[in-house]
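Going down the list, the protein sequences come from chains D and F.
So for the first sequence, the numbering used here puts the first residue at 1; every next one is plus one.
So for the second sequence, the numbering used here puts the first residue at 1; every next one is plus one.
Treat the hints with care, since some could be wrong.
[Said to hold, decoys possible] Pairs of lysine-lysine residues, derived as DSSO-like cross-links and limited to a Cα-Cα distance of at most 30 Å, are as follows:
| id | chain 1 | residue 1 | chain 2 | residue 2 |
| --- | --- | --- | --- | --- |
| 1 | F | K111 | F | K92 |
| 2 | D | K67 | F | K92 |
| 3 | D | K75 | F | K16 |
| 4 | F | K153 | F | K111 |
| 5 | D | K67 | F | K227 |
| 6 | D | K80 | F | K193 |
| 7 | F | K6 | D | K80 |
| 8 | D | K75 | F | K49 |
| 9 | F | K153 | D | K75 |
| 10 | F | K92 | F | K193 |
| 11 | F | K92 | F | K171 |
| 12 | F | K193 | D | K75 |
| 13 | F | K171 | D | K185 |
| 14 | F | K227 | D | K182 |
| 15 | F | K6 | F | K92 |
| 16 | F | K153 | F | K227 |
| 17 | F | K92 | D | K182 |
| 18 | D | K69 | F | K6 |
| 19 | F | K227 | F | K171 |
Treat the hints as calculated values from the structure; they're not laboratory data.
Every value quoted in this text rests on a predicted model; they were computed, and no experiment measured them.
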Amino acid sequence: MALSALFLMVFLFQHFIINFMSVFSEDAFNEASHFMGTNPLIQFVMQPVLMFGVAFHFVMGFILELKNKSARPEKYAMYKGSANSSWMSRNMIWSGLFILGFLAFHLWDFWLPEMNYKYIQGNPEDATRYFGEVQHMFANPIRVTVYCLSFVFLALHLLHGFQSAFQSMGARHAKYTPAIQKIGKLYAILIPVGFIFIAVFHFLNGNH
Amino acid sequence: MNLTLKIWRQKNAKTKGAIETYPVKDISEDMSFLEMLDVLNEQLINDGKEPVAFDHDCREGICGMCSLYINGQAHGPDREITTCQLHMRSFKDGDTIFIEPWRAGAFPVVKDLVTDRSSFDRIMNAGGFVSVNTSGNTIDANAIPVPKVDADKAFDAATCIGCGACVASCKNASAMLFTSAKVSQLALLPQGKVEAHERVMNMVSQMDEEGFGNCTNTGACEVECPKGISLENIARMNREYLSASVGSE
């Protein structure tokens, strides 16, 4: 879980950086998207690796949850989880499921049409199309709302997940762990807030 | 003070149990929680009823025998104490108190609030020891210098009394805090390093075999541990396990 989590967090960071380019430079965003969309290493090596990473993370997450549930066959009549642990840490399966649902929607919404456009219809590459497409997509308020809500769940998942991944790998040190926890909190808040900002930015700009 | 107790009653390991309600009167706030249960049991015996079975021994927080899940928390609402060190002043007159046994597949209920925690013994048997030459040439342990920091960390880990509150508190019924404390107390010292790889592999494998859940780092165990065993031990065990997995033949 921890290894796939770290891999996905690195991916998320680069996804965020490229998306964020769309806020301040149409050309830079188009260029980066064109590179990501046409580079064979990204398309045919990294993309399948990412698919595997995502599938591995959620399949292992489900297996872990089922095993952990079965370790306590009889539940407590009175259970006060909030007395000793955070809501985020106890509900990773629910925030994870929400993110999985969002991911299915996101792939259907963005990725499938892109695959269809490029590889099935075989349209010639237009390196300047990406920015317009994003702005067109985010003109829809329902889509923006779904995305924003999903990023809240992503933040909740990351607030526990970031530091938990380090702990699981044994990376705990009196000197470095406080820094890892601080960076984790910053990452878990700034990245989702940044994604929300990008979505709202294009919604506002696209409707003007 | 007058209280309403909601206690798990179960005749034996094979029968199904249920929560039963018992009112108790005139409880002094200076009583320990177990003394309050003693009062209830006297009352039940006088009424010709079966007393509530619960584990206890030293009643001074060192043996790790008492093990009650009180109002949704292992060893009750206070921090870094065992149930025997919990006093009735932590409750108010008129309170309803839920008293349940530790809940884990690896800790089956024997009777009422008593659970079978021998799964911990089997984890210890799997590797919680150092092999010592007993031929008469045994070297005094103090002859080997140990850095103060390591000695302190090993001692902190060794304060684990094996009560099982970590398992009871963990939403996954994981025994990682217990096992890691036992792995750490030996792995940090020169005598324990010799068998460190085998130890961590065997103890973790036994822990899994017993049916404990997996650690998801909620940290509940550390908060509820009566001896304040740190999550640092779990990270150390994870490191030990990783290095043993990579390094072993």
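Here is how each hint holds up against the structure:
Restraint check: the Cα-Cα separation between K111(F) and K92(F) comes to about 28 Å, which is no more than 30 Å; the hinted pair holds. Our distance criterion of 30 Å between C-alpha atoms is broken by K67(D) and K92(F), whose separation comes to about 39 Å. Between the alpha carbons of K75(D) and K16(F) the distance comes to roughly 13 Å, so the proposed pair stays at or under 30 Å and holds. Taking the CA atoms of K153(F) and K111(F), the gap is near 37 Å; set against the 30 Å cutoff, the hint is violated.
The suggested pairing of K67(D) with K227(F) holds, with an alpha-carbon distance near 28 Å, which does not exceed 30 Å. At roughly 39 Å between alpha-carbon atoms, K80(D) and K193(F) are farther apart than 30 Å, so this suggested pair is violated. Annotation: proposed proximity of K6(F) to K80(D) holds, straight-line Cα distance about 16 Å (limit 30 Å). For a cut-off of 30 Å, the pair hint linking K75(D) to K49(F) stands: about 27 Å separates their Cα positions.
Of the supplied pair hints, the one linking K153(F) and K75(D) is violated, its CA atoms being roughly 35 Å apart against a limit of 30 Å. Restraint check for K92(F) and K193(F): not satisfied, since their Cα atoms lie roughly 50 Å apart, outside the 30 Å limit. About 28 Å separates the Cα atoms of K92(F) and K171(F), which keeps this hinted pair within 30 Å; it holds. A threshold of 30 Å between alpha carbons decides the hint, and for K193(F) with K75(D) the separation of about 39 Å lies outside it, so the pair is violated.
A distance of roughly 23 Å separates the Cα atoms of K171(F) and K185(D); the hinted pair therefore holds under the 30 Å criterion. Pair hint K227(F) plus K182(D) holds up; C-alpha atoms about 27 Å apart against a cutoff of 30 Å. The hinted pair formed by K6(F) and K92(F) meets the criterion: a straight-line CA distance of about 15 Å does not exceed 30 Å. Restraint check: the Cα-Cα separation between K153(F) and K227(F) comes to about 13 Å, which is no more than 30 Å; the hinted pair holds.
The suggested pairing of K92(F) with K182(D) is violated, with an alpha-carbon distance near 39 Å, which exceeds 30 Å. Taken as a hint, the K69(D) and K6(F) pair is honoured in the structure, with Cα atoms around 25 Å apart against an allowance of 30 Å. Between K227(F) and K171(F) the CA atoms are separated by roughly 20 Å; this keeps the pair inside 30 Å, and the hint holds.
Hint check: violations occur at hints 2, 4, 6, 9, 10, 12, 17; the rest are consistent with the structure.
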